[in-house]
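Chemist: If you want the building blocks of each chain, they are given just below.
Number of protein chains: 2
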Amino acid sequence: MFTVIKQEGRARRGVFTCAHGTVQTPVFMNVGTQGVIKGAVSAHDLKDIGCQVELSNTYHLHLRPGDQVVRAMGGLHKFMDWDGPILTDSGGFQVFSLAGLRKIREEGVTFASHIDGRKIFMGPEESMQIQSNLGSDIAMAFDECVENPAAYEYAKASCERTLRWLARCKAEHDRLNALPDTVNPRQMLFGINQGATYPDLRVWHMQETAKIDCDGYAIGGLAVGEPTQVMYDVIDAVEPHMPKDKPRYLMGVGTPSNIIEAVHRGVDFFDCVMPARNARHGKLYTWEGAINIKNEKYKLDERPIDPTCDCPACQHFSRAYLRHLFAAGEMLAMRLAVLHNLHFYNTLMARIREHLDNGSFEDFRAEYSAKLEQKL
Amino acid sequence: MFTVIKQEGRARRGVFTCAHGTVQTPVFMNVGTQGVIKGAVSAHDLKDIGCQVELSNTYHLHLRPGDQVVRAMGGLHKFMDWDGPILTDSGGFQVFSLAGLRKIREEGVTFASHIDGRKIFMGPEESMQIQSNLGSDIAMAFDECVENPAAYEYAKASCERTLRWLARCKAEHDRLNALPDTVNPRQMLFGINQGATYPDLRVWHMQETAKIDCDGYAIGGLAVGEPTQVMYDVIDAVEPHMPKDKPRYLMGVGTPSNIIEAVHRGVDFFDCVMPARNARHGKLYTWEGAINIKNEKYKLDERPIDPTCDCPACQHFSRAYLRHLFAAGEMLAMRLAVLHNLHFYNTLMARIREHLDNGSFEDFRAEYSAKLEQKL
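Sequence order for the protein chains is A and B.
According to our numbering, numbering within the first sequence proceeds without interruption in unit steps and concludes at 376.
According to our numbering, numbering within the second sequence proceeds without interruption in unit steps and concludes at 376.
These aren't lab readings, by the way, just hints derived from the structure by calculation.
The structure presented is a predicted model; accordingly, all values stated were derived computationally and were not measured.
Any given hint could turn out to be false.
Put simply, identical chains are the same to the list, so a pair is met inside one copy or across any two.
EDC-like, lysine to aspartate or glutamate: derived pairs with alpha carbons at most 16 Å apart [unchecked claim]:
| no. | residue 1 | residue 2 |
| --- | --- | --- |
| 1 | 78 | 302 |
| 2 | 103 | 8 |
| 3 | 371 | 106 |
| 4 | 375 | 8 |
| 5 | 283 | 373 |
| 6 | 244 | 147 |
| 7 | 371 | 208 |
| 8 | 211 | 160 |
| 9 | 170 | 288 |
| 10 | 78 | 301 |
| 11 | 244 | 373 |
| 12 | 119 | 181 |
| 13 | 371 | 200 |
| 14 | 371 | 153 |
| 15 | 244 | 215 |
| 16 | 47 | 81 |
| 17 | 6 | 362 |
| 18 | 244 | 213 |
Construct all of the structure, not just a fragment, from the sequences and the given hints.
Modeler: Rendered as C-alpha cells:
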C-alpha cells in the first residue's frame with residue numbers, strides 16, 4: 001500500500017507498506033547485490049545507518065548461491081538476517097550488461113554466466129520464480145534494458161516485447177503468490193518503463209504499462225550513459241503518465257543532485273551502487289561536497305569525514321586514520337567509507353522528507369542540488 | 001604491575017596493570033599490525049569480542065603512516081580509537097623477516113623497506129623512539145630474531161648482541177619516559193630471550209636478560225619452523241630462569257593447543273596472526289576442532305559456525321550464508337570469520353583462566369589440547 005501524504009509541486013512525501021514493514025518515501029534503497037553490501041557491511045550494520053529497504057539481485061543470487069539454496073534457507077530475509085523490506089531487481093539489467101553471448105527471443109534470453117560461462121535461460125516466468133524463491137517484498141518485472149544509444153526501431157520492438165513480458169510476469173507472479181508454500185505470499189510486483197531516450201516511446205510504453213495492475217512502476221534504462229539533462233527530460237515526459245497512487249522508482253540513479261532533481265520531478269524510490277563504489281575508491285560525501293580521502297592533505301587531519309555526520313565512521317575516526325587505512329590497503333577503510341556514504345545517502349533522503357513535510361523542499365533543492373556535486 | 005593470584009603446577013593465573021587498564025592473564029593479544037585488525041575489524045569491534053590487549057607493529061607503523069604522524073595525532077590509542085592496553089612489538093622480527101638487503105652492525109640494522117625499497121636504519125634507540133611516539137603501554141626490546149636453523153656460533157654472537165641492545169633499549173626507554181612531552185610516560189619495557197634452539201644459549205641468555213630490570217620478559221624466535229616439541233623443550237628450559245614476579249610472553253604463538261601447552265609451562269602472554277589469517281582463508285575454530293567453511297557440505301547448513309559461540313557471526317549468520325559470502329568473494333566473509341576466530345581465542349583464554357581459578361586447568365588441558373587440533 002502506498003499513500004502520498006504531502007506534495008510540493010510534483011515532489012511527493014509518501015508512506016509505503018509491504019510485508020516486512022513501512023517505508024517513508026522518498027527513499028534510497030541500499031544495494032546488497034549478492035545478499036550482502038560490498039565493503040564488509042552486514043544487514044545489522046544497515047540498521048545503524050538508517051537503511052529502510054535493502055536491494056538484492058536476481059541474476060547474481062540465481063548464479064550464486066542459487067535461489068533454491070536461499071529458498072531452502074528460509075528466503076533472503078532469513079539468509080542475510082535482514083527483517084526489513086527487500087526489493088529484488090529482475091536480472092534483466094544484469095543479463096544485458098554482465099552476461100555473455102546473449103540470445104533474445106520472445107520466450108526469454110539465453111545467456112552465458114559471467115562466472116563460469118554456463119548457459120542459462122531466463123524469461124519472465126523464470127525471473128518471477130527466482131524472485132519468489134528469494135521471497136523479497138518487491139519483485140521487479142523482467143525487462144530488456146537496451147543499450148545507449150539504441151536505434152528507434154530496435155527500441156520500439158524491445159519495449160513492445162517488454163510489455164508482453166510484463167503481462168507474463170504478472171500472471172506468473174499471481175500464480176506463485178497463491179501457492180501454499182510460497183516464501184512471501186504478499187510479494188509485490190513493480191512494472192518497468194523502457195523506451196530508450198525517445199519521449200514518444202517512453203510515453204506510449206508507460207501508458208500501456210500502467211494498464212497492467214502493478215504495485216509500483218519504475219523507470220528503467222536511464223543513467224546508462226545519456227546526458228543528465230536527457231534523463232531529466234525522460235522523467236518529465238513519463239511522470240504525468242505514471243499512476244498517482246503508486247510509488248515511482250527511478251532505477252540505478254544516482255548522484256545526490258540527481259536524486260534531488262528526480263524527487264522534484266515526482267520520483268519516490270531510488271537505488272544506486274555509486275555511493276558504495278565511490279566509497280571503496282575513497283570518494284566520500286560531505287554536506288559541502290565530495291572529498292577524496294586518499295589525498296595527502298588529510299594526512300594529519302584530526303576531523304571526521306564530515307563534522308556534522310553521526311555515522312559509525314565519523315563518530316570515532318579521523319580523516320588521518322581513514323587515509324592511513326586506505327594507504328595501507330586495509331579492509332576497514334572500505335567498511336568505514338561504505339558505512340559513511342550509505343549513511344550520507346540515507347540522511348539525504350531523511351532531510352528531503354523533512355523538507356517535504358515542512359513545505360521547504362524547493363529551498364533545500366536550491367541550496368544543495370549544485371553544492372553536493374562539488375569536489376572539495 | 002603483575003601479580004600471580006593462583007598457580008596450578010607451573011601454570012599461572014595473574015593480573016597485570018598498565019597505563020590503559022588491567023589485564024587478566026593468561027591473555028591472547030589481538031594483532032592489529034598496521035593499527036587495525038585485518039578483515040575490516042575496528043578497535044570498537046575488539047571490545048565486542050573480548051579483546052584485552054591490542055598489538056601493533058613498530059616496523060609497519062614507522063613505514064606507514066609514520067610514527068611522527070601517529071604522535072601528532074595524539075598517539076596510537078587516539079589514532080585507532082582503542083582505550084585499552086596496547087603492546088607494540090619492536091620491529092626486530094619484521095626487519096629480519098620482511099625487509100630486504102639487511103646489514104646488521106653493532107649499532108643496528110640498515111634495511112630496505114618492503115613497501116618502496118627506501119633505505120632505513122633501525123637500532124635499539126630508534127625502536128624505542130618509535131614506540132615512544134606510538135605511546136603503547138608495553139614496548140618490546142629491539143632484538144635479532146635469527147633464522148631457523150641457525151648455526152651455533154652465529155646464534156651465540158647474535159644473542160650476545162641482543163643482550164647489549166637490551167641495555168641500550170633500557171637506557172633509551174628510561175630517557176624517553178622521563179621527557180616532559182612523552183606520549184605515554186608510563187610505557188613499560190619487555191626484554192626478549194633469544195638463542196635459537198640451543199638450550200644452553202637460551203638459558204644463558206635468559207639469565208643475563210633477567211639481570212636487566214624489565215616489566216616483563218618474552219621468549220622470541222620460536223614458531224619459526226622448528227618442530228613443536230622443540231618449542232616446548234625450549235620453554236621448559238628457559239622458564240625456570242624467568243623472573244617469577246614478571247609476566248612471560250611467548251611471541252607469535254600459536255595454535256589453541258600450543259597456547260594450552262605453553263600456559264601449562266608457565267607462559268602468561270600470547271599473540272599470533274594465525275587466527276585472523278586462518279579466518280581469511282575460511283578455516284574457523286569450533287570447540288570440536290576446526291572447520292573449513294568453504295566446503296560444499298556447508299551449502300545448506302543452517303547452524304552457526306559453532307552452536308555454543310556467542311560471537312557476532314554466530315549470533316546472526318548460518319554456515320550456509322558464510323560459505324556463500326566466501327564463494328562470492330564478499331569482504332563480509334573476512335570480517336565475520338575474523339571476528340569469530342578472535343572471539344574464539346579470547347574465549348579460549350577466558351576458559352583457561354576460569355579453569356585456573358577453579359584448579360581444574362589440567363582437566364581442561366587433557367580434554368582440549370588434542371581436540372582443538374582436529375580438522376572436522
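Chemist: Please go over all the hints and tell whether each is borne out by the structure.
Modeler: Structure-based check of each hint:
1. Taking the shortest alpha-carbon separations for residue 78 and residue 302, only the inter-copy value of 10 Å comes in at or below 16 Å, while the best intra-copy value is 40 Å.
2. With identical chains, the CA atoms of residue 103 and residue 8 are never at most 16 Å apart, being 45 Å at best within one copy and 73 Å at best between copies.
3. Taking identical chains as interchangeable, the C-alpha atoms of residue 371 and residue 106 are never at most 16 Å apart, the minima being 46 Å within one chain and 60 Å between chains.
4. In this assembly of identical chains, the alpha carbons of residue 375 and residue 8 never lie at most 16 Å apart, being 29 Å within a copy and 63 Å across copies at closest.
5. When the C-alpha separation of residue 283 and residue 373 is checked against a cutoff of 16 Å, the pair qualifies only within one copy, where the shortest distance is 12 Å, while the shortest distance between copies is 44 Å.
6. Taking the closest pair of Cα atoms, residue 244 and residue 147 never come within 16 Å of each other, the shortest separation being 29 Å inside a single copy and 75 Å across copies.
7. Proximity of residue 371 to residue 208 under the C-alpha cut-off of 16 Å is found in neither arrangement, the shortest distances being 38 Å within a copy and 67 Å between copies.
8. In this assembly of identical chains, residue 211 and residue 160 lie within 16 Å of each other by CA distance solely inside one copy; the values are 14 Å within and 89 Å between copies.
9. When the C-alpha separation of residue 170 and residue 288 is checked against a cutoff of 16 Å, the pair qualifies neither within a copy, at 45 Å, nor between copies, at 50 Å.
10. In this assembly of identical chains, the alpha carbons of residue 78 and residue 301 lie at most 16 Å apart only when taken from different copies (13 Å versus 41 Å within one copy).
11. Taking the shortest alpha-carbon separations for residue 244 and residue 373, neither the intra-copy value of 30 Å nor the inter-copy value of 64 Å comes in at or below 16 Å.
12. For a Cα distance limit of 16 Å, the shortest separation of residue 119 from residue 181 qualifies neither inside one copy, at 29 Å, nor across copies, at 68 Å.
13. Taking the shortest Cα distances, residue 371 and residue 200 never come within 16 Å of each other, neither inside one copy (33 Å) nor across copies (72 Å).
14. In this assembly of identical chains, residue 371 and residue 153 lie within 16 Å of each other by CA distance neither inside one copy nor across copies; the values are 40 Å within and 70 Å between.
15. With identical chains, the CA atoms of residue 244 and residue 215 are at most 16 Å apart within one copy only, with a shortest distance of 12 Å there and 74 Å across copies.
16. With identical chains, the CA atoms of residue 47 and residue 81 are at most 16 Å apart within one copy only, with a shortest distance of 11 Å there and 23 Å across copies.
17. In this assembly of identical chains, the alpha carbons of residue 6 and residue 362 lie at most 16 Å apart only when taken from the same copy (14 Å versus 70 Å across copies).
18. Proximity of residue 244 to residue 213 under the C-alpha cut-off of 16 Å is restricted to the intra-copy arrangement: shortest distance 13 Å within a copy versus 80 Å between copies.
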